[in-house]
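Protein chains: 2
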Amino acid sequence: MFSEETVAKIKKLATLIRYYILVSTTEAGSGHPTSSLSATELMASLLFGGIFRFDVDHPEHPNNDRLIFSKGHASPLFYALWAAAGKLTEAELMTYRKFGSPLEGHPTPTFPYAEAATGSLGQGLSIGVGIALNAKVLDQLPYRTYVLLGDSEMAEGSQWEALQIAAHYRLNNLIGILDVNRLGQRGETMYGWDLKAYEKRISSFGWKTIVLDGHSIPEILGAYETALRVRNKPVMLIARTIKGKGVSFVEDKNGWHGKALKKEEGDRALRELGEVDRSLRGKIALPQDLKPEEPVVQASLKRMDYPADQPVATRRAYGNALVRIFPKFPRVVSLDGEVSNSTYAEIFKEAHPDRFFEMYIAEQNMVGAALGLSSRGKIPFVSTFAAFFTRAFDQIRMSQYSDGNIKFVGSHAGVSIGEDGPSQMGLEDLAMFRTILNGVVLYPADAVSTERLVEEAAKHHGILYLRTTREATPILYKPEDDFRIGGSKVLRKDDGDRVTVVAAGVTLFEALGAYEELKKEGILIRVIDLYSIKPIDGQTLQEAARTTRAIITVEDHFAEGGLGEAVQSTLTSPAIPVHSLAVRKKPKSGKPKELLDYEEISRGAIVEKVKELIR
Amino acid sequence: MFSEETVAKIKKLATLIRYYILVSTTEAGSGHPTSSLSATELMASLLFGGIFRFDVDHPEHPNNDRLIFSKGHASPLFYALWAAAGKLTEAELMTYRKFGSPLEGHPTPTFPYAEAATGSLGQGLSIGVGIALNAKVLDQLPYRTYVLLGDSEMAEGSQWEALQIAAHYRLNNLIGILDVNRLGQRGETMYGWDLKAYEKRISSFGWKTIVLDGHSIPEILGAYETALRVRNKPVMLIARTIKGKGVSFVEDKNGWHGKALKKEEGDRALRELGEVDRSLRGKIALPQDLKPEEPVVQASLKRMDYPADQPVATRRAYGNALVRIFPKFPRVVSLDGEVSNSTYAEIFKEAHPDRFFEMYIAEQNMVGAALGLSSRGKIPFVSTFAAFFTRAFDQIRMSQYSDGNIKFVGSHAGVSIGEDGPSQMGLEDLAMFRTILNGVVLYPADAVSTERLVEEAAKHHGILYLRTTREATPILYKPEDDFRIGGSKVLRKDDGDRVTVVAAGVTLFEALGAYEELKKEGILIRVIDLYSIKPIDGQTLQEAARTTRAIITVEDHFAEGGLGEAVQSTLTSPAIPVHSLAVRKKPKSGKPKELLDYEEISRGAIVEKVKELIR
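Chains Z and L are the protein sequences, given in the same order.
Every number in the working numbering is 163 more than the matching position in the first sequence, counting from 1.
Every number in the working numbering is 163 more than the matching position in the second sequence, counting from 1.
Incorrect hints may appear among the rest.
The list treats identical chains as one, so a pair stands whether inside a single copy or across any two.
Under the rule of at most 27 Å between Cα atoms (straight-line distance), these lysine-lysine pairs were calculated in the DSS-like manner [stated by the list, open to error]:
id, residue 1, residue 2
1, K371, K359
2, K299, K491
3, K754, K261
4, K396, K363
5, K446, K250
6, K425, K754
7, K656, K772
8, K754, K363
9, K622, K749
10, K772, K754
11, K174, K422
12, K416, K174
If you are wondering where the hints come from, they were derived from the structure by calculation, not from laboratory data.
All chains, full assembly: derive it from the sequences and hints.
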């Protein structure tokens with residue numbers, strides 16, 4: 164049990180932490196002090212009550228427990244905890260929210276103790292799921308993952324995705340702490356202080372729930388101790404708290420969300436805190452010094468085998484590639500959203516079932532979990548239909564601020580998927596992933612280039628998207644051909660080229676078909692396979708712009724933000740016109756060929772455009 | 164109770180419907196027959212058991228019950244139902260999935276009985292929430308909304324958002340039918356046939372649950388009757404079904420998801436069906452002939468009042484505008500995601516609390532509900548932070564296929580929100596909304612143009628996005644100035660203009676500041692307020708391209724897919740270079756001005772770029 168001494172010390176540390184929360188936000192003139200104050204005992208007890216096990220001098224220790232603030236706006240509390248642990252000075256805390264400070268308004272991994280960037284609510288539990296899966300299944304280490312959750316953000320469906328899957332995978336090493344302070348941003352949440360409402364729901368999802376007074380240190384410590392003993396399900400502490408606790412004039416009052424205290428109010432609040440021992444520091448228990456097994460890396464890989472006369476779908480080549488490269492990249496894991504027989508992640512699943520995670524039809528959680536896995540050094544390849552990555556755009560967006568290392572693989576690109584119709588067609592995926600800072604966007608056309616780029620993807624660190632095609636396409640390349648992130652291939656070139664056609668994936672074959680038709684009429688075109696849409700091979704495009712009379716871009720994608728606009732942006736001082744063929748009409752069911760013609764991105768449309776331009 | 168006659172007739176209709184499902188998918192060579200067969204009794208009983216009340220000759224009747232297939236891939240069943248009701252011939256059914264047929268692979272409103280396009284799973288219940296809110300709160304009509312759900316898609320968090328809010332708003336006029344056929348696309352779902360798992364979870368969310376055998380017509384009819392009597396909570400029928408029911412060799416077998424039967428298999432299946440009365444038709448009960456009150460439309464509006472010397476945040480002008488225009492657009496409703504005191508939807512909420520819907524921190528459901536409301540003739544204005552619309556990109560994407568009429572209003576655009584940091588910054592919203600076919604993307608700079616464009620938005624039919632700014636900005640325009648979708652304003656123009664600067668919102672003021680600085684040095688620039696990013700004023704931009712030496716685009720947004728690329732795309736045959744200033748570095752916390760400088764989108768950066776270009 165807990166000694167009175169421990170409880171007393173945590174109480175004093177809580178006061179110190181409140182002091183830090185108030186002075187840092189008052190100095191910054193902004194921030195969320197009341198949201199931070201409500202969770203102070205919960206977090207102080209966790210870190211300084213011997214529950215949390217973390218080597219503060221080695222935040223990367225593989226057996227550290229992990230702490231995520233899903234309620235990222237409680238960042239003042241987050242930083243205050245680490246200051247109380249002796250890793251931040253008060254002067255550093257006063258740089259909170261200032262330009263250049265690692266103590267940003269919502270945590271980012273610029274601050275070494277932040278596992279990921281949070282602040283867009285409802286995402287932290289999924290990240291926790293990924294880290295817990297890593298501990299339990301991959302690294303097989305006993306560390307635990309703790310996630311601080313707000314009550315308002317429990318309205319986010321993504322939390323319930325995480326709750327479902329954590330129970331399904333029996334992640335007893337995942338512990339959530341729900342800070343039920345009743346008040347959202349503009350008023351009461353749906354359930355207020357009805358803790359039973361949360362308990363009922365969360366336990367129905369298969370979690371062990373513990374309801375408690377979120378300001379009673381003995382109760383909190385007892386709850387954590389109980390949680391540590393649960394064997395077969397994840398655990399949720401459901402804590403009744405008071406928003407603004409510790410500052411009487413803001414306690415449980417609406418209208419104080421996201422408001423820092425002004426100087427006089429701040430002084431008044433500090434007086435209420437009473438005596439603060441500013442030299443006090445808390446110790447965090449160390450983890451057991453355990454490491455995961457180092458994976459064996461094989462230097463050379465099997466050759467790929469694609470006979471030149473047998474078309475293969477690039478989505479199938481993706482599955483093959485993951486298996487083929489795995490010996491060289493043993494940190495690879497595969498996550499899929501209930502469509503592995505369509506994305507062909509199933510090929511990897513069959514070869515390495517221990518490194519494949521079925522994430523069901525819950526893309527938001529899948530992406531969050533991938534971020535968690537990448538934070539623990541794994542290389543997640545995340546697959547579903549290209550269109551369904553739009554379900555997780557917020558999680559994808561946030562992963563860039565976490566320096567995530569995630570490879571997204573979207574199949575069923577474009578109208579060319581045919582009869583299933585628009586709900587299944589990825590037509591905005593290139594645009595979406597292009598917005599990611601330093602993101603990589605690849606769209607290989609054949610099986611060989613797909614395999615090569617999957618390998619490049621595994622080597623690359625960052626957010627990367629690879630688009631695959633549903634139907635089988637001819638083999639264009641040889642295994643020894645060079646493919647690089649930022650590269651392109653000029654497939655047809657002649658001094659007599661009148662016009663350049665730039666395409667990728669589905670439309671590259673249309674371009675090659677157009678080439679043949681035009682050649683019969685004595686018209687030569689350059690054909691470029693722009694398999695790397697971001698970064699883009701500006702040099703090759705600029706050379707084409709100098710030596711041909713026009714550029715036609717062709718994509719099985721909407722006109723905005725995709726291949727066409729990527730090419731245009733590269734040619735800022737174009738000497739020639741750039742014309743974009745893309746999907747501009749509402750797509751519908753139909754045969755692939757009918758749809759390509761209808762959308763005017765087929766070989767026929769390319770031929771027509773070329774002729775129009777050279778008239 | 165139900166007569167044996169009724170039960171027998173439904174049984175025969177179910178056989179007919181199975182016949183239709185099999186022949187249409189076998190003919191198409193694709194589709195999801197097994198997913199359709201499992202829900203056949205559930206739907207046949209609903210439509211032809213006197214439960215559903217719908218005037219088949221007047222699908223727009225305001226008091227019709229509404230039916231949504233959240234499991235949109237069961238479209239063969241959907242069409243088969245309406246064929247059994249006499250509104251489709253067998254010949255028409257055989258056009259299923261064919262190019263040009265209204266019977267698409269997943270339903271779209273091209274088919275008059277589809278309330279919305281579905282097919283991206285987990286979205287139908289939210290649409291149902293919107294329609295149910297309309298019935299209960301707005302139209303005050305007794306009609307009910309029925310949503311057919313698949314078990315796999317219950318993994319989607321969006322369903323739990325819908326479940327939460329439907330119970331919170333006591334939508335007893337919303338009835339879900341959960342088709343628990345155990346099998347997902349690539350194997351068993353998380354809970355298989357454990358109906359209690361669903362019952363526990365859904366009832367914990369506050370729904371009345373009824374567990375039943377999904378192939379027993381008397382049980383199904385009894386369940387619907389019970390559902391109709393529930394007063395204060397939504398109802399979920401949880402039905403144990405067999406995937407592929409009725410065709411012995413596919414019943415409950417993995418590997419048959421999304422597979423049509425081949426000709427011989429189809430013939431074999433039809434033989435199993437036995438006698439099919441192909442002339443049989445079912446009657447659907449008529450609704451009570453009730454209509455909502457016609458709202459009074461006021462022709463003229465109050466004048467707006469923005470003194471020229473008082474800066475006002477465009478987000479605040481948004482709230483003011485909604486209130487001011489409402490008398491002329493009484494179909495307007497407002498939905499907000501727990502941030503109405505930040506988006507200023509609260510101004511409308513205070514004036515018209517009966518037309519404001521708090522949707523909590525659950526953006527996916529908010530967008531789905533907006534689609535439901537728009538399908539019932541309302542004009543939903545949906546607001547949250549620009550960044551958080553990325554949470555609902557899949558729902559936004561799908562709304563375009565539903566011909567939705569939704570106005571999205573995203574506040575807190577850009578790095579200029581300051582200290583909160585990147586999680587709260589909308590930097591990809593313009594790109595996201597630009598991908599919407601025929602979407603409108605507006606970014607007014609001042610309060611006056613915001614008000615005018617909110618009015619244009621209300622008049623416009625379609626998907627529209629309006630971006631607002633957090634901080635107060637100066638008044639630029641007069642109330643009588645003209646603002647149109649597709650327009651722009653040339654704010655500074657002179658024959659001596661060397662370079663054109665195109666900006667919007669935040670950066671427009673930076674451009675005007677740059678204008679003043681450059682003018683002092685005798686350098687004139689044209690300044691264009693590109694408040695309509697899509698559609699775009701190509702004419703004004705082309706004129707600038709003809710009469711100045713370069714165009715500089717400046718946006719508080721990432722470089723991809725936004726204002727800069729929109730301008731580039733318009734100038735396909737540019738005679739001059741186009742340079743894009745945009746957010747290209749990872750954003751961080753800081754003061755707005757510091758961040759604009761850091762990202763080189765401030766007045767200083769514009770001045771520098773102009774000078775560089777004219778050197």
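A quick look at each hint next to the structure:
1. K371 <-> K359: both (13 Å within a copy, 18 Å between copies)
2. K299 <-> K491: within (23 Å within a copy, 60 Å between copies)
3. K754 <-> K261: between (56 Å within a copy, 7 Å between copies)
4. K396 <-> K363: This pair counts as both: shortest intra-copy Cα distance 16 Å, inter-copy 17 Å.
5. K446 <-> K250: Intra 11 Å, inter 74 Å, cutoff 27 Å: intra-copy only.
6. K425 <-> K754: Between copies, since 18 Å is at most 27 Å while 65 Å is not.
7. K656 <-> K772: Within one copy only: 19 Å inside, 37 Å across.
8. K754 <-> K363: Neither way: K754 and K363 sit 49 Å apart in one copy and 44 Å across, limit 27 Å.
9. K622 <-> K749: Between copies only: 22 Å across, 38 Å inside.
10. K772 <-> K754: within (23 Å within a copy, 49 Å between copies)
11. K174 <-> K422: Classified as within: same-chain Cα gap 25 Å, cross-chain 63 Å, threshold 27 Å.
12. K416 <-> K174: within (23 Å within a copy, 60 Å between copies)
Checked against the numbered hints listed earlier, the structure breaks hint 8 alone; every other hint is satisfied.
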